[in-house]
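Following the working numbering, the residues of the sequence shown are numbered contiguously, the last one being 153.
Mixed in with the good hints there might be a few duds.
Stated by the list, open to error - Lysine to aspartate or glutamate pairs mimicking DMTMM-like chemistry, simulated, CA-CA at most 20 Å apart: (1) Lys51 with Asp41; (2) Lys42 with Asp58; (3) Lys51 with Glu23.
Simulated from the structure, these hints should not be mistaken for laboratory data.
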Amino acid sequence: MALPHHPFGTELNQTTVTEMLAQHTSWEDKYRQLILWGKRLPTFTDAQKQTANQVHGCESAVWFLHQAEEDTHYFAADSNARIVKGLLAIVLACVHGQHGNAIHTLDIDRVFQQAGLAHHLSESRTNGLHAIIEYIHQITR
13 MALPHHPFGT ELNQTTVTEM LAQHTSWEDK YRQLILWGKR LPTFTDAQKQ
63 TANQVHGCES AVWFLHQAEE DTHYFAADSN ARIVKGLLAI VLACVHGQHG
113 NAIHTLDIDR VFQQAGLAHH LSESRTNGLH AIIEYIHQIT R
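Given the sequences, and given the hints that come with them, work out the whole structure.
Written out as structure tokens, the structure reads:
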């Protein structure tokens with residue numbers, strides 16, 4: 013199954029995403045940017061929202077699709093929550109099109125710190141984010 017197209021990890025990468033978010037000084041502006049990025053993610057079909065594609069450990073429903081070509085990994089993600097879709101956009105910017113080693117050494121907490129988001133996320137959102145990263149690590153081994 014071909015992955016749905018999205019700009020994260022190709023047109024928008026970890027550096028551009030964190031720089032863009034760091035430019036916004038207020039949480040409201042950062043939130044608005046996250047929502048806009050989340051809208052750019054494809055909405056999965058019911059067939060793509062299978063239990064096998066679901067990330068467990070998140071309060072919101074989150075689904076991932078993954079393809080690998082040798083050691084380069086490609087992803088698509090969807091969620092039923094707008095803010096989570098925006099957070100997924102950041103994760104995809106960091107991991108889509110990357111080699112396994114880069115994915116496994118990614119410090120997502122540092123990325124969110126650099127973007128000025130870390131202190132705005134609730135404990136449950138942060139735990140969900142870590143569950144997403146752990147899921148990515150598992151499927152890219």
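For each hint, the structure was consulted:
| no. | hint | in the structure |
| --- | --- | --- |
| 1 | Lys51 with Asp41 | holds (16 Å) |
| 2 | Lys42 with Asp58 | violated (30 Å) |
| 3 | Lys51 with Glu23 | holds (15 Å) |
Comparing the model with each numbered hint stated earlier shows that hint 2 is the single one that does not hold.
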